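Starting from the known structure of chain U, fit chain D onto it as the hints suggest.
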Amino acid sequence: GLRKPKTKRAKRFLEKREPKLSENIKNAMLIKGGNANLTVTQVLRDVVLTFFLNFLRKNITRPFEDQTSLEFFSKKSDCSLFMFGSHNKKRPNNLVIGRMYDYHVLDMIELGIEKFVSLKDIKNSKCPEGTKPMLIFAGDDFDVTEDYRRLKSLLIDFFRGPTVSNIRLAGLEYVLHFTALNGKIYFRSYKLLLKKSGCRTPRIELEEMGPSLDLVLRRTHLASDDLYKLSMKTPKALKPKKKKNISHDTFGTTYGRIHMQKQDLSKLQTRKMKGLKKRPAERITEDQEKKSKKMKKH
Amino acid sequence: MEGHSVEELLAKAERDEAEKLQRITVHKELELEFDLGNLLATDRNPPTAVRSAGPTPEADLRALARDNTQLLINQLWQLPTERVEEALVARLPEPTTRLPREKPVPRPRPLTRWQQFARLKGIRPKKKTNLVWDEVSGQWRRRWGYQRARDDTKEWLIEVPGGADPMEDQFAKRIQAKKERVAKNELNRLRNLARAHKTQLPSAAGMHPTGHQSKEELGRAMQVAKVSTASVGRFQERLPKEKAPRGSGKKRKFQPLFGDFAAEKKSQLELLRVMNSKKPQLDVTRATNKQMREEDQEEAAKRRKMSQKGKMNSGPPGLGGKRKGRQHQGGKRRK
Numbered sequence: 001g002l003r004k005p006k007t008k009r010a011k012r013f014l015e016k017r018e019p020k021l022s023e024n025i026k027n028a029m030l031i032k033g034g035n036a037n038l039t040v041t042q043v044l045r046d047v048v049l050t051f052f053l054n055f056l057r058k059n060i061t062r063p064f065e066d067q068t069s070l071e072f073f074s075k076k077s078d079c080s081l082f083m084f085g086s087h088n089k090k091r092p093n094n095l096v097i098g099r100m101y102d103y104h105v106l107d108m109i110e111l112g113i114e115k116f117v118s119l120k121d122i123k124n125s126k127c128p129e130g131t132k133p134m135l136i137f138a139g140d141d142f143d144v145t146e147d148y149r150r151l152k153s154l155l156i157d158f159f160r161g162p163t164v165s166n167i168r169l170a171g172l173e174y175v176l177h178f179t180a181l182n183g184k185i186y187f188r189s190y191k192l193l194l195k196k197s198g199c200r201t202p203r204i205e206l207e208e209m210g211p212s213l214d215l216v217l218r219r220t221h222l223a224s225d226d227l228y229k230l231s232m233k234t235p236k237a238l239k240p241k242k243k244k245n246i247s248h249d250t251f252g253t254t255y256g257r258i259h260m261q262k263q264d265l266s267k268l269q270t271r272k273m274k275g276l277k278k279r280p281a282e283r284i285t286e287d288q289e290k291k292s293k294k295m296k297k298h
Numbered sequence: 001m002e003g004h005s006v007e008e009l010l011a012k013a014e015r016d017e018a019e020k021l022q023r024i025t026v027h028k029e030l031e032l033e034f035d036l037g038n039l040l041a042t043d044r045n046p047p048t049a050v051r052s053a054g055p056t057p058e059a060d061l062r063a064l065a066r067d068n069t070q071l072l073i074n075q076l077w078q079l080p081t082e083r084v085e086e087a088l089v090a091r092l093p094e095p096t097t098r099l100p101r102e103k104p105v106p107r108p109r110p111l112t113r114w115q116q117f118a119r120l121k122g123i124r125p126k127k128k129t130n131l132v133w134d135e136v137s138g139q140w141r142r143r144w145g146y147q148r149a150r151d152d153t154k155e156w157l158i159e160v161p162g163g164a165d166p167m168e169d170q171f172a173k174r175i176q177a178k179k180e181r182v183a184k185n186e187l188n189r190l191r192n193l194a195r196a197h198k199t200q201l202p203s204a205a206g207m208h209p210t211g212h213q214s215k216e217e218l219g220r221a222m223q224v225a226k227v228s229t230a231s232v233g234r235f236q237e238r239l240p241k242e243k244a245p246r247g248s249g250k251k252r253k254f255q256p257l258f259g260d261f262a263a264e265k266k267s268q269l270e271l272l273r274v275m276n277s278k279k280p281q282l283d284v285t286r287a288t289n290k291q292m293r294e295e296d297q298e299e300a301a302k303r304r305k306m307s308q309k310g311k312m313n314s315g316p317p318g319l320g321g322k323r324k325g326r327q328h329q330g331g332k333r334r335k
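Those sequence lines, one after another, are chains U and D.
As numbered in the working numbering, residues 1 to 298 make up the first sequence, in order.
As numbered in the working numbering, residues 1 to 335 make up the second sequence, in order.
Just so you know, the hints here were simulated from the structure itself, not pulled from any lab data.
Among the clues, some could well be false.
In silico DSSO-like links for lysine-lysine, alpha-carbon gap of 30 Å or less [as the list claims (entries may be wrong)]:
hint : chain 1 : residue 1 : chain 2 : residue 2
1    : D       : Lys28     : U       : Lys196
2    : D       : Lys179    : U       : Lys11
3    : U       : Lys244    : U       : Lys20
4    : U       : Lys58     : U       : Lys16
5    : D       : Lys121    : U       : Lys236
6    : U       : Lys241    : D       : Lys28
7    : D       : Lys154    : D       : Lys184
8    : D       : Lys121    : U       : Lys6
9    : U       : Lys20     : D       : Lys121
10   : D       : Lys311    : D       : Lys215
It should be emphasised that the depicted structure is a prediction, and the values quoted were computed from it without experimental measurement.
For reference, chain D alone in the conformation it holds in the complex:
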């Protein structure tokens, strides 16, 4: 008897629950996809009800919209909530739909010299107060800027230090020192900016400010300097044992416009003949040379791979690139 009533109670409780949820449950064949960060829901089910409605699908559209919105609201109501100033607020997750940016990703700026040093030493910026007590004027003044606390250029009395020339103007000396400091700061700021934008400093083209430069860089700088004359380096003398620079000749050679007419005619007719002929023309010497070069390259690459495999287990990706280059040549082989 009792068992019977317990079962009845359980069944009744289940029915009640189902009834409660009936008002908010929606049956769909395919589950919707939700992106709650964007308050977005995607329904992949084909809209058959709307399709069968005909010319005025308004009511069906609204029913579909109601169902979908109900599902979205169900999801939103399951988010963790908190009470903020008598309103119930849900915390949204991050949006999952990837959308394109409106501007490109900012390039990471290189650190300034001070930032590099601070990072190295582990120096953190100390929080400083805005105003400092100034004894002289007896008031709180700013740390730097207009009417600052300890401005040594504004003093009205300066004692001549022991070893200094009595005729020297100490006030002018202080002002001069300040100007030099300002100029140095400005120079450093511009240098940091140039480093950030990677532009060349106009002072000494090709020369590094600290003087530490590699042999190749110096050589390049010297060559550039040699050519930067009015006659493009033609009358520059060379040092006794200096060799001529490699690769400074003409890169492409063109035939003169009015040259040998007979030779031109011959080459053009030959070209037409080659184009008309059905059989491909194979230049045996060039083909064999190319084949030999390719084989050499392959062997060299293999040797390098072996030696590098000995050094580290995973091969560097640069070899994949080399392989690509060779395949490209293989395509060009047929001439």
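Okay, chain U solo, but in the shape it has when bound:
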């Protein structure tokens, strides 16, 4: 059973972790598995430095066999993304990236690190922590198989950062570029240099900055279709409401439609011309004419 919070602070803490309509930023846990060698540890450390995700832990059992400890830690720390690094003879330099739904594992993809150049090996200036990166996926492989599609969605989820409505154009500082080629995925991070071009939009020059990895797809543990569908469900309140009776045409004119009740045209209020108003003498003569007409008929 749940324990009721006794202080306001505890209540706020629990409320932060409740399911909400528009969710919090996803946090990630970085876990060092058994026998994590230098490469893998360095990768994890680099990820901690460049991105504002947090929470480095040690030594849990293998994610592909036993997911309970992962789920336990996810529940305790309220992290829905994880990255698990390990190394053994069969799977050298192993990295498992995954995400959770409702504190249960949704997707897990195992990647092998073939080449790794760390942050400190590249002697260039770095950009400050916590900037929102630009993401670019190149290569048609990312749409071919379901594995690759999920991998792309997972990488976007992991690296995208908080959703903002405005962004400072000068603050766009770095870009993560993923290229899928020949079964390998090349992950490169570049720092952005804005040069003058003739017009308002600057010319881009790139400088290699951050960690660069050559990854190979190994095992995958993807969520079943209906669990994935369930996790993708957007609540009705967040869907944009369509305004009825408004339409647009190709020229950009907006048309609106008004529904009115039926009007009695004889009682329509038109403009009054004071000069044409009937004077009392005229009205009397009209009545007399009408009466005489009736008598004639009979």
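What follows is chain D alone, placed relative to chain U:
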């Protein structure tokens, strides 16, 4: 002469424009797909340059990245911008890539009794001030809570009202009334909570607090109450005209463990024979019964459909479900 120079000027202007944009234009076979809300770009072109580079594709990767980033930046610079504290800020659109949520969608909570009433009457919450002037103490005090403004339990002098017993303790009476109000509030809060969580109130199982209940609900509550004795309802008397409840017998019947050995042997051998035989065994009576039942059901469904079509134009989706059920039975027909 003049016409010639005008054309020249126009051509020159075009060339200048093209030159200006040359620095930022990138030629791609397939257009990139952009999701500016996530600062995301997807390039579907096969990376041929990188492929042909061989073992160290670094330079080619960087060139590809530069091109793609240039296109993304071009798109971003076209967004509507505003100036916020001497920085140029672009307004990003909503992200279009759908990503899975981290927690399930929160269930809509049922409204509390007050909220339902307020909605019905159109009552909106009035904005109230935090502090209220208290005449008695001559200072601003809070509206409710510790040391509140008009606390009638804290008065030092209470006049005995006209019709009351002179020996009655008026102070205790006020404190008692306050306790009753607090208890009532707590009860209502718990009831609202229970309604939100749809748990049963432990006070009267099966009985509705207001007493308005349907005949079936009352019947069910009565049956449950009858069975909730130590001997599971065996020695409960029935009222003179009360009928025995339907469907209260055993749901499945099992053969005893040590029964008729001959009969068991016979049934097992029969089973083996049926399994070994290549021809399917058709029990004619069962098959005909099933067929007749199916036909009856179909007719009944058709009749219902006709009557409902008369009532409303679009058929209800429940019939689609009924159709599914029948197809399932059709699959089971072969035994």
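Results of checking the hints against the structure:
1. About 22 Å separates the Cα atoms of D/Lys28 and U/Lys196, which keeps this hinted pair within 30 Å; it holds.
2. Straight-line distance between C-alpha atoms of D/Lys179 and U/Lys11 comes to about 26 Å, which keeps the hinted pair within the 30 Å bound.
3. For the proposed pair U/Lys244 and U/Lys20, the alpha carbon gap of about 28 Å is at most 30 Å, so the pair holds.
4. Simply put, U/Lys58 and U/Lys16 have alpha-carbon atoms about 26 Å apart, close enough for the 30 Å limit, and the pair holds.
5. For the hint pairing D/Lys121 with U/Lys236, the CA-to-CA distance comes to about 26 Å; that is within 30 Å, so the pair holds.
6. At roughly 36 Å between alpha-carbon atoms, U/Lys241 and D/Lys28 are farther apart than 30 Å, so this suggested pair is violated.
7. At roughly 21 Å between alpha-carbon atoms, D/Lys154 and D/Lys184 fall within 30 Å of each other, so this suggested pair holds.
8. A hinted pair counts as satisfied when its Cα atoms are at most 30 Å apart, and D/Lys121 with U/Lys6 does not qualify at roughly 35 Å.
9. This hinted pair checks out: U/Lys20 and D/Lys121 have alpha carbons roughly 29 Å apart, not beyond 30 Å.
10. This hinted pair checks out: D/Lys311 and D/Lys215 have alpha carbons roughly 29 Å apart, not beyond 30 Å.
Violated hints, listed in ascending order, are 6, 8; each of the other numbered hints is respected by the structure.
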